[in-house]
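Full structure from sequences and hints, please.
So the protein lines, in turn, are chains A and B. 1 is the number of the first residue of the first sequence in this note's numbering; add one for each residue after it. 1 is the number of the first residue of the second sequence in this note's numbering; add one for each residue after it.
These aren't lab readings, by the way, just hints derived from the structure by calculation. One or more of the hints may lead you astray.
Every beta carbon over 12 angstroms from chain A, so not counted as near; a handful from chain B, in silico [claimed, not checked]:
(1) 19
(2) 25
(3) 26
(4) 34
(5) 91
(6) 95
(7) 96
(8) 101
(9) 103
(10) 108
(11) 110
(12) 115
(13) 116
What the simulated footprint calls covered on chain B by chain A, stretch by stretch (three residues with Cβ under 8 angstroms from a Cβ of chain A suffice, anywhere in the stretch; the number is not a length) [unchecked claim]:
(14) 5-15
(15) 57-65
(16) 147-159
As the structure is a computational prediction, the values presented were derived from the model and not from experiment. Every residue gets a Cβ at the ideal spot worked out from N, C-alpha and C, and that includes glycine.
So you can see what is in the structure, the chains are spelled out below.
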Amino acid sequence: MTGEYFTDYTAVLVATIAGAVMVLSGFLAAMVVSPRARSAMKDIPYECGVVPFPGRGWTQTHIRYYLFAILFLVFDVEAVFLFPWAVIFLGPEVASAVFYEMLVFMGILFFGLIYAWKKGVLEWR
Amino acid sequence: MNVGVAASIAFWIMAIIAVVSALAVIVTRDIFRAALFLILAFLTVAGLFITLSADFVAAVQVLVYGGAISILLIFAVLLTRDVQKGNPSNRMLKPAVFLGALFAATLIVVITNSTWKLSGDSPPQGTTAAIGDALVNSYVLPFEIASVLLLAAMIGAIVVARGRDE
Numbered sequence: 001m002t003g004e005y006f007t008d009y010t011a012v013l014v015a016t017i018a019g020a021v022m023v024l025s026g027f028l029a030a031m032v033v034s035p036r037a038r039s040a041m042k043d044i045p046y047e048c049g050v051v052p053f054p055g056r057g058w059t060q061t062h063i064r065y066y067l068f069a070i071l072f073l074v075f076d077v078e079a080v081f082l083f084p085w086a087v088i089f090l091g092p093e094v095a096s097a098v099f100y101e102m103l104v105f106m107g108i109l110f111f112g113l114i115y116a117w118k119k120g121v122l123e124w125r
Numbered sequence: 001m002n003v004g005v006a007a008s009i010a011f012w013i014m015a016i017i018a019v020v021s022a023l024a025v026i027v028t029r030d031i032f033r034a035a036l037f038l039i040l041a042f043l044t045v046a047g048l049f050i051t052l053s054a055d056f057v058a059a060v061q062v063l064v065y066g067g068a069i070s071i072l073l074i075f076a077v078l079l080t081r082d083v084q085k086g087n088p089s090n091r092m093l094k095p096a097v098f099l100g101a102l103f104a105a106t107l108i109v110v111i112t113n114s115t116w117k118l119s120g121d122s123p124p125q126g127t128t129a130a131i132g133d134a135l136v137n138s139y140v141l142p143f144e145i146a147s148v149l150l151l152a153a154m155i156g157a158i159v160v161a162r163g164r165d166e
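This is the structure we're talking about:
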């Protein structure tokens, strides 16, 4: 166990705990401070002020939205590959091949983006 | 406080949160809340990776599992028609319990029977640079092929989701 590594991550730990405390204290404050007056009318879901549509609160979502998730996943994974490459790229004695390797990698993925663009996936209709 | 002790405490806290949230995924009735508990489990596993000095794996865990996989899950919930029936136990419960017990027994046997060797080397200071070096030097071809795989996933998703109508 090396000390320096873990002291680096205490900042992450502190930020995580601080974030959790901020959110939880907000909930707690709302529980303690807010006045409560329950009624059946107030418990119905809020839909822009109109009375909610009766029946099941579910409608078919178009599969098109799933494409945004898939595209996000692909470019998220691309970002994962970018991080170690970027760390290497800043280092000393970098061969120029390193640059072109990433260019090829991103170029191949760029075809996918062009395909999505051509197919109109990125357009909002 | 000793760093090793602090790391052990952090490990156990996160391990307990991970196991409890994984159990909550199974027992929660609301499937959307189950998905949120799964995300919590993913994030605590990322924390566990940090205590194991695998910082790059932890970052990938947050990015890919905490980000992308959880978004896919929530979209799957959004697109599922029977989602309001909740997260019911189904008739596969007994086989699932059996297989889970079998898997757990296998793991326990393997863990107790293995001879665990401790490396004398100190853990690497930041694994990202070593991984980057391996990616651009030793494993260039798998690295480039990974982009082809991602491209195939992207085009496949577009073809499947759009169908023939548009």
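Query - Hint check against the structure, violated hint numbers in rising order - result: none
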